[in-house]
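Asks: Protein chains in written order, with the numbering used here: chain G, 157 to 263; chain P, 83 to 473; chain X, -13 to 152; chain W, 14 to 695.
Hints should not be assumed to be uniformly reliable.
[To be verified] Selected chain X positions facing chain G (in silico; Cβ < 8 Å):
1) -9
2) 6
3) 14
4) 21
5) 32
6) 44
7) 53
8) 60
9) 64
10) 75
11) 81
12) 109
13) 125
14) 133
By construction, these hints were calculated from the structure, which means they are not laboratory data. Here the structure is a predicted model, which is why all the values come from computation and not from measurement. Beta carbons: idealized from backbone N, C-alpha and C, even for Gly.
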Amino acid sequence: MNGFASPLAAYLMVAALLFAIGLAGALTRRNAILVLISIELMLNAANLNFIAFWRYGPHPEALTGMMFAIFSIAVAAAEAAVGLGLIIAIYRHTQTTDLDEIKRMKG
Amino acid sequence: MATTLDQIFILLRDWITGFLPQAWRPAAGIVLGAATIVCLFPALFALAVWMERKGLGRMQNRLGPNRVGPFGLLQPIADGIKSLTKEDIVPLNADAAVHLLAPVVLVVTVFMGFAVLPMGRNMVLVDMDAGLLFFFAMGASTEVAVFMAGWSSRNKYSLLGAMRAVAQMISYEVVLLLSGVSVVMISGSLSLVKIASAQNHYTGWLPNWYIFTPWGLAGFIMFAIAATAETNRSPFDLPEGESELVAGYHTEYSGFKFALFFLGEYLAMFSISGLGTTLFLGGWSAPLSILTWVPSWIWFFAKVMVSIFVFIWMRGTLPRLRQDQLMNFAWKFVLPFTLINLMVTALWRFMGEGWERWAVCSLILAAVFVLMGKVGMRREHLGPRSYRYAE
Amino acid sequence: MGVLFYLIAALTLAGGLAVVLLKNTVHCALAVTVAFAGLALFFLQLDAQFAGFAQILVYIGAVAILVVFAILVTRGSTTPVGEVFSSSWLVGLAIAAGVFALFGWAVLESVWALPHESAVPAVTVRDIGNALVGRYVLPLEIVALLLTAATIGAVIVAMHEKERTR
Amino acid sequence: MVARDLWLIPAVPIVAAGLIALLKQPMRRLSAWLAIGSLSFSLLLSLAAFAHVVAGWINGNAVREVVNLTWIQVGVSRVELGWILDPLSAVMLVMVTFVGLLIFIYSTGYMEQDENFTRFFCFLSLFAGAMLGVVISNSMLMLFMGWELVGLTSYLLIGFWYQKPAAAAAAKKAFITTRVGDIFFLLGIVWLFAQTGTLLFYNHGSGSMEGLALAGLLSQHAAFGLTAAGAIGLLIFAGAAGKSGQFPLHVWLPDAMEGPTPVSALIHAATMVAAGVFLIARVYPLMAAGALLTNGSGLAGTTTALIVVTWVGAGTAVFAALIAVGQNDIKRILAYSTVSQLGYMMAGLGLGGVAVGMFHLITHAFFKSLLFLGAGSVIHGCHEEQDVRRMGGLKADMPLTFVTYAIGMLALCGFPIFFSGFWSKDGILEAAHQPDAIKGPFYLLVFGALLTAFYMTRQVSYVFFGTWRGHKPAHESPRVMTVPLAILAFFAMALGLIGTPAWPWFRAFLEGRAAGFDWRGFAEPGLMALMLTSSAVVFLGLGLGWWLYGSKSPSPEAPDVLEKDAPWIWAALRDRLYVDELYGVTVIAFYAWWARVADWLDRRVWGGIVAAVAKLFALWAQLNRLLDVYWVDGSFDKACEELSIGGGLIARAQNGRVQIYLRILALAVVVLAAILIWSARP
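Can you make the complete structure from the sequences, with help from the hints?
Replies: Set out below in structure tokens:
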């Protein structure tokens, strides 16, 4: 009933799509916070891949993919915290979160 | 006989699903159970509301509801009809969609929590391997609903209330989780069913509930505090502090949506009391070995109702905290103490049987409690508070 | 591999698209919670209960709320008047499309190599726990360290200058 | 097993000292409690150990339990530490902890006004710990460590009031003088180690104090017809002489009285100075080796080492007693009497073996600390007045002090029957009177006894009788000070009972023989006569003293009675027989000269060379600088300019917009992946 010979392929496809969407958001949105969110989306897509590969991989009992996913979830939380902290700090200096306005790092 | 009474609901379900083809039975059973929960708890909710109003009335030297029906027993029903027939007002520049979604999301997520609570021997909707985690996940997602409500109704009281609620829920959720973890460490399972049955045996007459151990007691106290904060109950009811922000995040709600919020609050109380019962108070197990003939579900609901009454009692007794006090309490006292309780639990786990571990664990906990109370919770004199954005 | 899959996929992707397209930042934040929820469902469908619930707990319970806080703190809660996409958004879109093309192509190319339906792996939470403190204990420690560092760092970065100089 | 936990006894006070060191100055009470508590704990442990030993002894087997452990091992030779529990150490433990505890309690009263209270107690408990370490140690090295530590604390405590130049000088003097002895001691240790290959005293037959090693030492022959055993013994004795102020190294002890009185009582009367005697007792088998009896029982005095010990002891006894007659400072008198009593102990060791000397050590510890504490009480009562001529008639003002002091004085003089001093001193005299012993020491000791009685009478009648000659009226000391006095007084009397000839319990205990009571102990030939003689001598001394000084109160400025009759003798006595002056013109003068020489060398010779070298380097540095400035720098600057220009060019690409970077990143990824896959395809 589905176009894919393998369920894994379907999940990978979805993940790729989600990743692309996230990337698009990260590359096009002005608001720094939204860029961060989009990056989170990309991470999640990666997690989906990990889980899918774990599920359909040859050795699910080794839990490798699962562990990767769990750790990346944990790391993502930290990443979000620090990222938002940075954004708030930046906002405090330049009263905006618009990335087109923020060019302080100009060489 | 006793077993029949005990298992009556199970038997009933099996009997009903017996009419269906084999393949559908599990699904049908779950649907049936869900339906039961969805019907049962609103009824309990009505009862609890009546209890609260009566009890508060007694505590404040009032009569409380006494017009509708005997002892005003029908009062909740009247309220329900009223709120259903009331006009549903949506503020002009509110974010209509989110405004509508918020209560729904709240109630749904709260209801989800019940799925993993064992309400009696074999009486659980789905016995998940990670039931506790599921419960907490659901509890976490209610915050989103609260925020939606507060933000969508474009009202600074609502927003403030919502932010307060979310902040305090996040802070205390950590504690809730950690105090649960200590139980998991001992029972060695995340499945609430296993946890409940792990406490269902007796030494002599007395039950081996986790609350009857040093770490269990400490954990339960912390859990109770955190639960009160999670459900925004007094003395932690700043989110809807009438005197400060009219009614918090559901200021702008009326009619049925408001009723949903109200329902949601009580359902949250039920589910969290159920969790506490399962984790520390031995779930559906009888308090004395000689009382095991009483059906297990009776015990469960009895315990839940008792803890609900305690909630009400606290509300009648304690004054409301201030926001900074709330946060200090969470991060400077409750959380560290819970962490230390974790260590103590580990100690308990590895010290093996014997009175020594009782002595050592209770000593450590008592010492830490006193110390932190003396050192951490010294009242600091704050200057005038200032609210600001991050400039 | 049934209709459920397509439903969840639709939900997730819709959430993702909403994040990218909606104007109001808070809506985006709410949309991303939808996307996260969808992913959690995916995990459940892949018999990864633990990961799924962890996903909900961390992303919906913590990250989304954090994002919302950040939005409110940076006064981003009102719908912006100006353009929400950066001046040169076409380029970004093109590149994203390129990436997707690459990935999709890679997946389709290797469909033949991918395995078919396999039995549900019998993995309990206990196994995960054992693995975490057994084989993967070092990563676990490192993550713990990282989280601590991140917490402190975030606090210090976001702390108000006044307090820092004081 | 008690011996296994013996190490706790010194460890606890040392730990307490460490803790007190961490306390702040105002935390006086806490520090005092720490010190006293720790020492009481040690006392309890010591009593337990003592009981253990006594029990073993009563069951008929002499206890000697050792616990040894290897500290460092280099090849085959091992540096070992260890502790021992035998009658000797047990007795010393009890004595040190008990007297120490009393003195601690006393000091809380005495030092009440001092603002360095905490520091004082820190030092005190450190001293107690070190001393106990010395007592229990079964290893030469460990003993030496404790020994040095004791010396250090003594130095610190003598100089406790370092603001007083006199105190500082005295501290230095004590430290350096004892150091002279310690050098010899260390030499002795090293030699012993080289010979026997072990530092342990007793190690189940392989220790250095046991037959095997001793036989080896005897077969060795050193210079002057000495066996190695004898030579080592003499070296060790030099160390002991340094610590316990034997002639000619006694000079530091009287000056040490600059320290607070409790210190004088504890360190310079009861314990530390006795450490020397204890050391000799500990290595007695070595000293007596060759006298064919290495089991430490009496009747020795037949080896060179012991003969030297005897003569030095007896000489010191008389010498110091003589000086004591001519002193006017209450504490100095006691100090010299301490020196002479130590002489007695040494002589006792040399003549009568361990038991005799140790018995006098124990009794002396009690009555001398009693006397010192009494003196402290007097000084306290007379507002820090120390000159006996400015006191008088105190028996009315400070009755308790007077009674206890009198008891101590009588015990020191060896007043018959009722006082411990009599029995212990009598033991020594008896040993000296042995038919086969040389007679010289005996007469010296008797003369010393006479002098002792004399100067003590002089002091007492100056201080307590006659009329008050000071300025401010005196007052009795607080309870916390008088109670220890009373306790000590009791023991000063009672201790004699365990050492009477009729019932030589103590001696039997130390020598591991059974003790029985029979009157025939008195019936030994000549014993009665001896006792009568010594009593007669004592009475003579007392009478003489009373006749000369009793209850007549000369004004402080008036010349002493002796001074009128024999001025030059008096002068000699007053000026301590010119020993210090002798050192002054010999040793110190030499050092001064040598220092000047070294100084000259430094300034002229070495200084000049150094200066020249410095000049050279300065020159070289100048050269380098020129090189740098005109050659290196120039080229470097040029390079840097080039770099900065290039950087500017590259920096253009960096326009500070995050998303641009992101895009470039993503693009790069795409391109790379594409290339990879394309190249991977056939």
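Asks: Determine which of the earlier numbered hints do not hold for this structure and return their numbers in increasing order.
Replies: 9
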